[in-house]
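Asker: Required output: the full structure, derived from the provided sequences and hints.
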Amino acid sequence: MAESPVKAEITAAVWKIEAGPGTRVAEGDAILLLESMKMEIPVAAPRSGRVKAVLVAEGDLVEEGQVVATLED
Amino acid sequence: MQGPVLIANRGEIACRIAATCRRLGLSTVAVFSDADAGAMHVAAADAAERIGPPSPRESYLSISAIIDAARRSGARMVHPGYGFLSENPDFAGACTDAGLVFIGPPEAAIRAMGGKAAAKAVARRAGVPSAPGYEGEDQAPERLAAEAARIGFPVMIKAVAGGGGRGMRRVEAAEDFAAALAAAQREAAGFGDTRVLVEKLVASARHIEVQVFADAHGNVLHLGERDCTLQRRNQKLVEESPAPGMDAALRAELGRRAVALARAVGYVGAGTVEFVADAAAPLAADRIWFIEMNTRLQVEHPVTEMVAGLDLVEWQLRVAAGEALPLTQAQVRLEGHAIEARLCAEDPARNFLPSPGHLAMLDLPEPGPGLRIDAGVRAGDTLTPFYDPMIAKLIAHAPTRTEALERLAAALDAVRAEGVRLNAGFLARALLSPEMRDGAVDTHFLDRFRLDEAAATHGAA
Chain A
1 MAESPVKAEI TAAVWKIEAG PGTRVAEGDA ILLLESMKME IPVAAPRSGR
51 VKAVLVAEGD LVEEGQVVAT LED
Chain P
1 MQGPVLIANR GEIACRIAAT CRRLGLSTVA VFSDADAGAM HVAAADAAER
51 IGPPSPRESY LSISAIIDAA RRSGARMVHP GYGFLSENPD FAGACTDAGL
101 VFIGPPEAAI RAMGGKAAAK AVARRAGVPS APGYEGEDQA PERLAAEAAR
151 IGFPVMIKAV AGGGGRGMRR VEAAEDFAAA LAAAQREAAG FGDTRVLVEK
201 LVASARHIEV QVFADAHGNV LHLGERDCTL QRRNQKLVEE SPAPGMDAAL
251 RAELGRRAVA LARAVGYVGA GTVEFVADAA APLAADRIWF IEMNTRLQVE
301 HPVTEMVAGL DLVEWQLRVA AGEALPLTQA QVRLEGHAIE ARLCAEDPAR
351 NFLPSPGHLA MLDLPEPGPG LRIDAGVRAG DTLTPFYDPM IAKLIAHAPT
401 RTEALERLAA ALDAVRAEGV RLNAGFLARA LLSPEMRDGA VDTHFLDRFR
451 LDEAAATHGA A
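Chains as they are written, first to last, in full-length UniProt numbering: chain A, 1 to 73; chain P, 1 to 461.
Just so you know, these hints were derived from the structure itself, not from any lab.
Beta carbons: idealized from backbone N, C-alpha and C, even for Gly.
Watch out, some of these pointers could steer you wrong.
[Unchecked claim] The calculated lysine to aspartate or glutamate pairs, modelled on EDC-like cross-linking and capped at a C-alpha distance of 20 Å, are:
id: 1; chain 1: A; residue 1: K38; chain 2: P; residue 2: E58
id: 2; chain 1: A; residue 1: K38; chain 2: P; residue 2: D347
id: 3; chain 1: P; residue 1: K236; chain 2: P; residue 2: E274
id: 4; chain 1: A; residue 1: K16; chain 2: P; residue 2: E58
id: 5; chain 1: A; residue 1: K38; chain 2: P; residue 2: E187
id: 6; chain 1: A; residue 1: K7; chain 2: P; residue 2: D347
id: 7; chain 1: P; residue 1: K236; chain 2: A; residue 2: E40
id: 8; chain 1: P; residue 1: K236; chain 2: P; residue 2: D442
id: 9; chain 1: A; residue 1: K38; chain 2: P; residue 2: D381
id: 10; chain 1: A; residue 1: K16; chain 2: A; residue 2: D60
id: 11; chain 1: A; residue 1: K16; chain 2: P; residue 2: E187
id: 12; chain 1: P; residue 1: K236; chain 2: P; residue 2: E87
id: 13; chain 1: A; residue 1: K7; chain 2: A; residue 2: E27
id: 14; chain 1: A; residue 1: K38; chain 2: P; residue 2: E87
id: 15; chain 1: A; residue 1: K38; chain 2: P; residue 2: D34
[Claimed, not checked] Computed spacing ranges between beta-carbons, pair by pair:
id: 16; chain 1: A; residue 1: E40; chain 2: P; residue 2: A179; range: 55 to 61 Å
id: 17; chain 1: A; residue 1: R47; chain 2: P; residue 2: R437; range: 45 to 51 Å
id: 18; chain 1: A; residue 1: E40; chain 2: P; residue 2: A285; range: 27 to 33 Å
id: 19; chain 1: P; residue 1: R378; chain 2: A; residue 2: R47; range: 41 to 47 Å
id: 20; chain 1: P; residue 1: P369; chain 2: A; residue 2: E40; range: 38 to 44 Å
id: 21; chain 1: P; residue 1: P129; chain 2: A; residue 2: P5; range: 35 to 41 Å
id: 22; chain 1: A; residue 1: R47; chain 2: P; residue 2: I63; range: 53 to 59 Å
id: 23; chain 1: A; residue 1: W15; chain 2: P; residue 2: P132; range: 32 to 38 Å
id: 24; chain 1: P; residue 1: R170; chain 2: A; residue 2: E35; range: 54 to 60 Å
id: 25; chain 1: P; residue 1: D90; chain 2: A; residue 2: R47; range: 44 to 50 Å
Answerer: Encoded structure:
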C-alpha cells in the first residue's frame, strides 16, 4: 500500500510526539498527542504501518484537517 | 481597600472581578497574552499589561511575568481568579514579598490543603470524616495491595500530587490491583511524585461542596452548599443550590465540618470544601465524605451569590483589606433555588470534543430578574486552543427548583452562535430530563444521557 496521510481532527497545539519516524504502529495507536482547550486529544494511526514522517514539532499549532504525519507499509 | 487591583486571569472571571471593583470604585489592571490583546477582559479593565506569548506557561502561569506587570502598573492588590495561579502557594508568597496584597488565603493554608493526602490528614485531625482509605508513607506494592483489600473493592488509586483526572485508576478486584498501581505510578511520575493513596470508590456518587468564608479576625462561616453532580471528564458543567434532598440539619452538619477544616488551617478568604455523597441512598451525614478543599473562588460561586444575595468578590476584597466579615452565621439567609450552566465551545455529539474557532456570531439572552449572564467573550472573538472552552455562565434563580430548571433551559435554548459548536442545546435537554427534574442523578449522568441521545438518533435514522 502507498503512503497515507494522518490528519488532525481539531485545531490544537502539538503537545507530545508519541511515535517518531520509523516506529511501527497498529491501527488506533497514538502517533502524537494534541492539546486543545485544556483537553488532551490523541491523533491515532488510521491503519497499521510504519510512521514515515512526522510533519510537525512539539509546540506547533495545527489546524483542523491538517496532515501532521504520514504512514507507509 | 486600595486599588489598583491587578486581575491575574482572563475570560469571564476577569470580567466579573472587574465589575465588582468598578462598583466599589477600585481601578483595575488586566493582564493579557498575545492571543488576548483584543479580548473582552482587557476592555473591561481600566488599564492592561502584556505578560507574554499565548502559551499559558509563558503568560498566565508565569509568576515573574505577573509580578512584573503588577510592579509596572502600580497595582496594590492581586486577584488570581480561579485556575491558573490561584492555588499556587509560591504565587501567593511572591505577591506578599513584592508588597502586594494577595486576594486569597495565606500561603501556608494553600500549602496545607494542596496535596490530597495532606488535606486528608488535616481532616482527620479536625475530626471530619474522609472516604475510607490509606494515605501512608509506606508505598511498597504489597502494603498498598493489602490496604486495598482491607478497604474493600472497588477502590480508586490516586496520585498524591495528581489533578485533572490524571494519575487515577479504578480497580474492581484484587487481581487487577498490581497492573493498575503500576499505571497510576507511571502517570504520577509526570507530577514529579510517584506516591499514591488508595480510597474506597463510591460507585454512584454525587458531588456536594460547601462555601466557606473566613476573615483575619477569627470569624469563619459557611454560605450553604452547592450540588455539582453534573460533570463530564471530571469537570463540572451544571451546579445548583440548595442540593436536592438537603435539609437544614444536614446543611448545618456539613457547614460545621467545612468550618472546622477552615479553622484547622488558619484559613482566610473564600474557600470551598468538597464532599462526595453516596447517590444510591438519600442524603445522610454518615454517607458523605470529605475529598478536598479548593483554596480560591470557584467557577460556580454565582449560584451561592444568587441564593444568599451577596457579592463574594466584594467579600474577598474586604477581607483581603483586613475588614471583618459583614455577617454572622445567624444572619446568613438562603432564599429560593439557583442553578448554573457552563456554556462551552465543545461538541457533545463528538464526546464533548473542544471546538475552537472564530465566533462569527454570538447571541446570549438578556439578563434580568432571575437570570444572570457572566460572559467572557463577544461575537467576533476567536477562541484559541490555548485556553479553557468555557465562554459564559448562565445562572437562573427562582422560588422553586422546577422554575429555576425551566428558566435556565429556556435561556440556554435562546443562545445562538456561528463559527463554533456550543453545548447549549444539549444542556437544556439534560436539565429537563426526568432524572434531573427528580434530582435522581449521579456523576455519570451526563455521559449516559449523551450516549442515550446518540443511540436514539441512530435508531431513528
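Asker: All hints are to be evaluated individually against the structure, with a verdict given for each.
Answerer: Hint-by-hint comparison with the structure:
1. For the given pair, K38/A sits about 15 Å from E58/P by alpha-carbon distance, which is consistent with the 20 Å threshold.
2. Only pairs whose Cα atoms come within 20 Å are accepted, and K38/A paired with D347/P is accepted, the gap being roughly 15 Å.
3. Between K236/P and E274/P, the direct Cα distance comes to roughly 13 Å. Compliance with the 20 Å bound is thereby established for this hinted pair.
4. Restraint check: the Cα-Cα separation between K16/A and E58/P comes to about 18 Å, which is no more than 20 Å; the hinted pair holds.
5. Between K38/A and E187/P the alpha-carbon distance is near 17 Å, which keeps this suggested pair within the 20 Å criterion.
6. Our distance criterion of 20 Å between C-alpha atoms is met by K7/A and D347/P, whose separation comes to about 19 Å.
7. A distance of roughly 17 Å separates the Cα atoms of K236/P and E40/A; the hinted pair therefore holds under the 20 Å criterion.
8. About 12 Å separates the Cα atoms of K236/P and D442/P, which keeps this hinted pair within 20 Å; it holds.
9. Taking the CA atoms of K38/A and D381/P, the gap is near 19 Å; set against the 20 Å cutoff, the hint holds.
10. Between the alpha carbons of K16/A and D60/A the distance comes to roughly 10 Å, so the proposed pair stays at or under 20 Å and holds.
11. Taking the CA atoms of K16/A and E187/P, the gap is near 15 Å; set against the 20 Å cutoff, the hint holds.
12. At most 20 Å may separate the alpha-carbon atoms for a hinted pair to count; K236/P and E87/P meet this at roughly 18 Å.
13. Between K7/A and E27/A, the direct Cα distance comes to roughly 14 Å. Compliance with the 20 Å bound is thereby established for this hinted pair.
14. Annotation: proposed proximity of K38/A to E87/P holds, straight-line Cα distance about 17 Å (limit 20 Å).
15. Annotation: proposed proximity of K38/A to D34/P holds, straight-line Cα distance about 18 Å (limit 20 Å).
16. In this structure the hint that E40/A and A179/P lie 55 to 61 Å apart at CB is violated, the actual value being about 22 Å.
17. Our hint of 45 to 51 Å for R47/A and R437/P holds, since their Cβ atoms are close to 46 Å apart.
18. Between E40/A and A285/P the beta carbons are some 38 Å apart, a value that contradicts the proposed interval 27 to 33 Å.
19. At roughly 43 Å, the beta-carbon separation of R378/P and R47/A lies within the given 41 to 47 Å, and the hint holds.
20. For the hinted restraint 38 to 44 Å between P369/P and E40/A, the CB-CB distance of approximately 41 Å keeps it satisfied.
21. For P129/P paired with P5/A, a C-beta distance near 55 Å fails the hint of 35 to 41 Å.
22. Separation of R47/A from I63/P is about 46 Å and departs from the stated range, judged on CB atoms against 53 to 59 Å.
23. Between W15/A and P132/P the CB atoms are about 36 Å apart, so this pair conforms to the stated range of 32 to 38 Å.
24. Taking 54 to 60 Å as the suggested C-beta distance range, the pair R170/P and E35/A does not conform, at roughly 24 Å.
25. With their beta carbons about 47 Å apart, D90/P and R47/A fall inside the hinted range of 44 to 50 Å.
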